[in-house]
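Student: Residues per chain are reported as follows:
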Amino acid sequence: MNAYSYTVLIPLIPLFVFLLTGLTGHKFKPLVSGLIGTAGLTIVAVLSYMTAISYFWTGHVEGTAYESVKAFEITWLNLTEFLTIKLGILLDPIAVMMLVVVSTVSLMVHIYSIGYMKGERGFHRFFAFLSLFTFSMLGLVLATNIFQMYIFWELVGVSSFLLIGFYYQKPSAVSASKKAFIVTRFADLGFLIGILMLSFMTNTFDFQTLVSSDGPAITHTGGMAFMGLSAITWALIFIFMGGAGKSAMFPLHIWLPDAMEGPTPVSALIHAATMVVAGVYLVARLFPVYALVAPDALTVVAWVGGISSLFAAIIACTQNDIKRVLAYSTMSQIGYMMLSLGVSGYGGHDGLGFMAGNWHLFTHAMFKALLFLGAGAIIHAVHSNDMREMGGLRKHLPITHITFLIGCLTIAGIPPLSGFFSKDEILVAALHHNKILFAIEFLVAGLTAFYMFRLYFNIFWGKETHYHHTPHESPLVMTIPLMILAFGAIFSGFLPFSELVTSDGLPFEAHINYAVAVPSVLIGVAGILVAMVMYRKSTAIPDKIAATMGGFYRGAYNKFYMDELYLFVTKKIIFRYISQPVAWFDRNIVDGTMNLIGNTIVAASNLIKGFQSGKLQQYGYVFITGTVALVIIFIFLWQR
Amino acid sequence: MTGNIPLESFLVLSTLMFFIGIFGFLTRRNLITMLMSIELILNSVNINFVAFNRYLYPDNLQGHFFSLIIIAVAAAEAAVAIAIIINIYRNFKSIEVDQVNQMKN
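If you read the sequences in order, they're chains A and B. As numbered in this note's numbering, the first sequence has no gaps in its residue numbers, which increase by one up to the final residue, 640. As numbered in this note's numbering, the second sequence has no gaps in its residue numbers, which increase by one up to the final residue, 105.
Worth flagging that the hints you see were computed from the coordinates, not collected in a lab. Just so we're clear, the structure is a prediction, and the values are computed from it rather than from any experiment. Be aware that a few hints might be false.
Unchecked claim - When the alpha-carbon atoms are kept at most 30 Å apart in a straight line, the in silico DSSO-like pairs for lysine-lysine are as follows:
#  : chain 1 : residue 1 : chain 2 : residue 2
1  : A       : K86       : A       : K29
2  : A       : K572      : A       : K179
3  : A       : K27       : B       : K93
4  : B       : K93       : A       : K609
5  : A       : K178      : A       : K572
6  : A       : K571      : A       : K559
7  : A       : K435      : A       : K537
8  : A       : K118      : A       : K27
9  : A       : K571      : A       : K435
10 : B       : K93       : A       : K615
11 : A       : K609      : B       : K104
12 : A       : K118      : A       : K70
Stated by the list, open to error - Quick look at which bits of chain B chain A covers, simulated, 3 or more residues with Cβ under 8 Å:
#  : segment
13 : 44-57
14 : 70-84
To be verified - Estimated spans, in silico, between C-beta atoms of each pair:
#  : chain 1 : residue 1 : chain 2 : residue 2 : range
15 : B       : E96       : A       : I589      : 49 to 55 Å
16 : B       : D98       : A       : I597      : 19 to 25 Å
17 : A       : D591      : B       : R90       : 48 to 54 Å
18 : B       : A83       : A       : L630      : 30 to 36 Å
19 : B       : Y55       : A       : I624      : 23 to 29 Å
20 : B       : A78       : A       : W638      : 34 to 40 Å
21 : A       : L630      : B       : I20       : 34 to 40 Å
22 : A       : L630      : B       : F52       : 19 to 25 Å
23 : B       : I20       : A       : Q612      : 27 to 33 Å
24 : B       : E96       : A       : D591      : 45 to 51 Å
25 : B       : V50       : A       : L630      : 24 to 30 Å
26 : B       : A83       : A       : I597      : 44 to 50 Å
For every residue, glycine included, the Cβ atom is placed at its ideal position computed from N, Cα and C.
Chain B on its own, in the form it takes in the complex (with noise of 0.2 Å):
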């Protein structure tokens, strides 16, 4: 049930979501928008590992089942993430990546 949807569409758009993802990354100073962006590289990952497997091996699963695990360590990252960004407000009272820059030197 591949449609006429060549498969390089969907890594042209995964590409562009990780890139995006990346750009955020290294650009924002909120610390949440950050975490954002972290999401957006995972699900990137994620659409290229279900597109291969739609395409190239339909028979099999492995690629959806390993795009739920990715699902999966992307809530529990997510989670933790959220608890340091908690204790980074509570001891700086700020959430600007500029202001966590203890370790310079």
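Just chain A, same shape as in the assembly (with noise of 0.2 Å):
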């Protein structure tokens, strides 16, 4: 037992709240279910301050390395002597910082929730699930083994298709939530093999051997070279797939627009700032390993992420329904997360990259789901996804409109606003790895800001729109999160973070770079001015742009054609190529070899059916036949 051990609580209570509210929760009033697991959510808050406060500052000596601390750990599964499979708690900064937002985002969520799910069908379940996601991201966050952290992997998949397909009897959420489940699962088979990879080349799945720099994973030589690449490379780029697909990287996105079919406070906690962070959570977990064994996988991540930005602002451009142009948004910001790791070094001020990573991780926590709560209070108050039916906003959803505008600034980047910080510190580290990169990502600052503002004058400037019932503000219970959030959009910029989440656990200083800075808030600042010529009063100015892009406008609005691509991929080739006759085969060849065995041995009895014929003195014969026979076999015949 250390000083931590009282960690095991927080992913264990929501686990009892979902347990609780699941199976009792239809015989209580639907109230009831939102109020015990907003406690819960509360305590277990709670719990993650205490042990920041504790990790961070007071239990901390000023200017050591801060390690990380295995709290709690059962052996679950001793298969051979490296073969264990364990379960348990690991605390690093990272760790540690995961647990701050994903409480408070969930509790945030919890409350606005019993608001906005009020008179809903099925309100406990949804609460239940909420609870269930909870604690499966607690665990994935808190693991300490790498297998571990793949059983809770699937986990918050599947909570996610739960949740997806709350509404099940919607046809479009239905195929949404298989959607998301099929890609995630698909990714997870490479970063299954990754694991195995990993796994066999070092013997250990714990994080803390595979990180240490003595350790098997850091002292790696030999595995055979494929490709220029040697194996652990390849390991890691595998473990990065399933990464990408559970953070929605190009080309497996596809699924992240169409989740946005659940409810939505569902987009904010899941596919805003909890399980889409997952992919760069598990990067920064092995970024030691990423960053001195392997840097070319550093690259792909790199790639990766700043083409999914690029890809995903330009779409964002274009489309009309709020809630996917808040999904692209987030598969943008996400983008400059995995750009962010990808081009950090290790170990001081090297590792910038890896800090502002994980810092835009915590900015972005709180400004998307602020973001998608706003947009909740909107349709709430709508009735509608689409921007286009509304406008005037402004007068009749005051606290929505403060907050949402808090929001969009600090996507934007504008200073003092935390989304400045984060997103500076990435520009600067971009700018000392590769230009290329830096260009995309200076480019994507500006789309950011044009079309998080054209969203924003959509809603609420532009022409009165006639509504049928006048939208009325909402409830304290979800303009109250709202606040919270927003509260946190704008302060948690000045938290000291390079000096708490670092990749070698040193702290450094980090200082505004102004050659950076000044020209990416001017770019944020010159896209909400295009925005505002644009949107601001309804004019024709949109859509003679549209007019004059024509392809690629066409292009962008139908999300650059990858879902039809990859129905043509599945149905044109993989199904009629492969799943076809690989069905006609189990039908024709696997079965019909067992209704062939069967069939015989139906004739053979048919032939043997006749001995009975049910006339008794047949029997006799028989019987006596063979007795005699035998008789004459043992007494007479048979020598001794």
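Both chains are sitting in their own frames, so use the hints and assemble them into the complex.
Tutor: In structure tokens:
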């Protein structure tokens, strides 16, 4: 038992709440499940803050590195000497940071959902699933070994499936949840291959052993090189494939926009703040191995992140569904985080990318959850997702308006809000590493400001739409989380992050590089101004630009036809040339053999059936003949 | 008091009776006639027991006692068989073995 043993309660409380509300929630009034869930999450949040304060400040000696602490571990499966699967809790800077993020955002979503989901069928089921998700996510971030992380990775996928398909009577929701689960499961195939390769080469699953500088991973030599990359690089690339699927990186991003079919609090919790950053967390967890042994894998990570963020930003400029704009925005920001990790080095100031990526994860969780919950309040008021049906809402929804504006300014990177600090550090890290990636991210920063303010102006300004019934401000239970998250979005930029979360645990000083900061703010402001000119009053400019860009605009509006491409590959190629022959083989040859054996036996038994005529005398005859024959054989013929 | 009749004559007699009984059991159509054949078989066994007792162990009586038991068993068995035949007649309205083949196949 050590000082952090109480952290075992942190994942267990949501599990208990899940079982309680799932099994008995329907017997009580719906509000009871909501209150139980919220109460459990409050305790979890308090414990997480206690852990964070104890780990980062009170329990830590000034100036030394932050060590990883194994707070709890039990052996689950002891198979052989090398293969042991343990479950436990590992605390290190990124784990404690994620604890704070997950518990805070989950608590805000719980409080918000009490108001948002009021009156819905299955209210208690919603809170049960939210607790299941929180349990899975906490288990994932606190995992001590990569196998435990994989177990909880899948659990998180299941929770996401259950929550996206929450309105199970809507066919679009059902197919969206299937799509999400299948795409992430396919990515997890790569993850599993990576895990097996890595553990085969290093004989361990444990994270502390894998990232230790004299451990088997970092001192690993040997293993067959393939196509110029070492075996351990390939293992890490496969592991990254799992992370790319979960984090909706190109080309495994197709599930994220469709996942907006779920209720908005689900989108806020899972597809903005927590689950989709699991891929980033995975790379961060194994970062010493990536940085010291397999820098080529980091190049892959950086480029995938960069391409995803540009791809998503372009598409977000054309979408009309407000949740889809936010979904593509999430994909773009996660691209930032991946790129930041990819361009990072290891140790001290070289690890700036690592620190910045994690900082952006923290601030992004706050402002993206804020934006999604605000979108939920808007949808709740207007009963529509389409921004073309909105306008002039700033008069009707004042609190939502202010908090949404704060969220948009944060994501656009306007100082002194938090988004400016984290995004700026990412741009500095990218500039030192690769000028092309820096240019991509610089452009994306401008696009981000543009499409977010396009969204903002279309909803809150523009022409006054005639509403069927006047939209009203959301109740307090929905606006208080918005205000708390806005507070977090404003002030989390002032955290001394570079002294807390770094690649090797040692704090370092990070300064604002004005050569990068000033242009990035200017391009953000430029994006805002362009959006203001185009959308503040309803004008014909957007349509004219769309017409001028013609094919490119159509491509972006149709998400660059990625879904159609996937459908083509699966239906015309995989189904026709692989699945159908296999199915034919199974039906005709495998089943045919079984049927053949069965039919042969039936025919044989039909022959034998003739012996049973039902005539007593025939039975007697056979019996006596047999007896006589045996007597003759045994008494007369058998010569002893 | 064996006289001049050799043991083998009794054995031949009982063997003949046995196989006549078996032939009757396997060939006759009427159930009661089959019952009569069974009695023939049992009686042949009785003759066997008594003959062996008299010729080989004249001072003992086990053979005679056992044939008394066989007579009793045959009587009981005949009673049960008649009861079954009566039930068959009530169900099938006939006492020919060919009609009682519902257990076929």
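Student: Are the hints correct? Go through all of them and say.
Tutor: Each hint tested on the structure:
{"no.": "1", "hint": "A:K86 x A:K29", "result": "violated (39 Å)"}
{"no.": "2", "hint": "A:K572 x A:K179", "result": "holds (18 Å)"}
{"no.": "3", "hint": "A:K27 x B:K93", "result": "violated (66 Å)"}
{"no.": "4", "hint": "B:K93 x A:K609", "result": "holds (27 Å)"}
{"no.": "5", "hint": "A:K178 x A:K572", "result": "holds (20 Å)"}
{"no.": "6", "hint": "A:K571 x A:K559", "result": "holds (19 Å)"}
{"no.": "7", "hint": "A:K435 x A:K537", "result": "violated (38 Å)"}
{"no.": "8", "hint": "A:K118 x A:K27", "result": "holds (17 Å)"}
{"no.": "9", "hint": "A:K571 x A:K435", "result": "violated (40 Å)"}
{"no.": "10", "hint": "B:K93 x A:K615", "result": "holds (17 Å)"}
{"no.": "11", "hint": "A:K609 x B:K104", "result": "holds (8 Å)"}
{"no.": "12", "hint": "A:K118 x A:K70", "result": "violated (41 Å)"}
{"no.": "13", "hint": "44-57", "result": "violated (count 0)"}
{"no.": "14", "hint": "70-84", "result": "violated (count 0)"}
{"no.": "15", "hint": "B:E96 x A:I589: 49 to 55 Å", "result": "holds (53 Å)"}
{"no.": "16", "hint": "B:D98 x A:I597: 19 to 25 Å", "result": "violated (38 Å)"}
{"no.": "17", "hint": "A:D591 x B:R90: 48 to 54 Å", "result": "holds (51 Å)"}
{"no.": "18", "hint": "B:A83 x A:L630: 30 to 36 Å", "result": "holds (33 Å)"}
{"no.": "19", "hint": "B:Y55 x A:I624: 23 to 29 Å", "result": "holds (28 Å)"}
{"no.": "20", "hint": "B:A78 x A:W638: 34 to 40 Å", "result": "holds (38 Å)"}
{"no.": "21", "hint": "A:L630 x B:I20: 34 to 40 Å", "result": "violated (22 Å)"}
{"no.": "22", "hint": "A:L630 x B:F52: 19 to 25 Å", "result": "holds (23 Å)"}
{"no.": "23", "hint": "B:I20 x A:Q612: 27 to 33 Å", "result": "holds (28 Å)"}
{"no.": "24", "hint": "B:E96 x A:D591: 45 to 51 Å", "result": "holds (49 Å)"}
{"no.": "25", "hint": "B:V50 x A:L630: 24 to 30 Å", "result": "holds (27 Å)"}
{"no.": "26", "hint": "B:A83 x A:I597: 44 to 50 Å", "result": "holds (47 Å)"}
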